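*Asks:* Using this note's numbering, the first residue of the sequence shown is number 28, and each one after it goes up by one.
Just so you know, these hints were derived from the structure itself, not from any lab. Computed from a predicted model, the values in this text were never measured in an experiment. Treat the hints with care, since some could be wrong.
Claimed, not checked - So the derived label-pair ranges between C-beta atoms look like this:
1) 106 - 127: 16 to 22 Å
2) 156 - 72: 29 to 35 Å
3) 121 - 42: 22 to 28 Å
4) 33 - 90: 19 to 25 Å
5) 119 - 151: 28 to 34 Å
To be verified - Using 30 Å as the maximum straight-line C-alpha spacing, the simulated DSBU-like pairs for lysine-lysine come out as follows:
6) 120 - 65
7) 146 - 65
8) 102 - 76
9) 76 - 145
10) 120 - 102
11) 120 - 76
12) 73 - 30
13) 59 - 120
14) 145 - 102
C-beta: ideal position from N, C-alpha, C; glycine also.
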Amino acid sequence: MPKASAVSVLIVDDQQSMRGICKYILTQLGFKDIIEAKSGRDALGKLEKANVDLIISDWNMEDIDGLTLLKVIRKHPRTQAMPFIMATGRSDKEQVKEAISFGVNNYIIKPFDASTMKKRIEAVIGALS
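Put together the whole structure using the sequences plus the hints.
*Replies:* Have a look at this one:
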């Protein structure tokens, strides 16, 4: 059972307000090590420098979108098994199938609350203590 405060989370979203909401919810759930990235490209740079246990990424972003970020992460030996939750404002079944085919661990529809976020995270990394 992982302790939330021991899990490092990378939030990837091009909207500062959404990163802020996500960070607030994660803090409420007990996470302390939260890294923010404003784009897929920014996330890749941060992944090179930091140890991350979980990625929560927006799908629709400029430069490198969430799906492309997922594909890159799944190809790199150091990050290929890293838990990845995709956040999006659309619940398009084809989009979900595509993300699953590339190895996404879970999916969350925006807007979401702390309870939904906790369920999605626990489904991926196990019950939080």
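*Asks:* Work down the list of hints and note, for each, if the structure agrees.
*Replies:* Outcome of the hint check:
no., hint, in the structure
1, 106 - 127: 16 to 22 Å, "18 Å, holds"
2, 156 - 72: 29 to 35 Å, "31 Å, holds"
3, 121 - 42: 22 to 28 Å, "24 Å, holds"
4, 33 - 90: 19 to 25 Å, "31 Å, violated"
5, 119 - 151: 28 to 34 Å, "21 Å, violated"
6, 120 - 65, "26 Å, holds"
7, 146 - 65, "25 Å, holds"
8, 102 - 76, "18 Å, holds"
9, 76 - 145, "26 Å, holds"
10, 120 - 102, "24 Å, holds"
11, 120 - 76, "34 Å, violated"
12, 73 - 30, "23 Å, holds"
13, 59 - 120, "33 Å, violated"
14, 145 - 102, "27 Å, holds"
In the structure shown, a violation is registered for the earlier hints numbered 4, 5, 11, 13, in ascending order.
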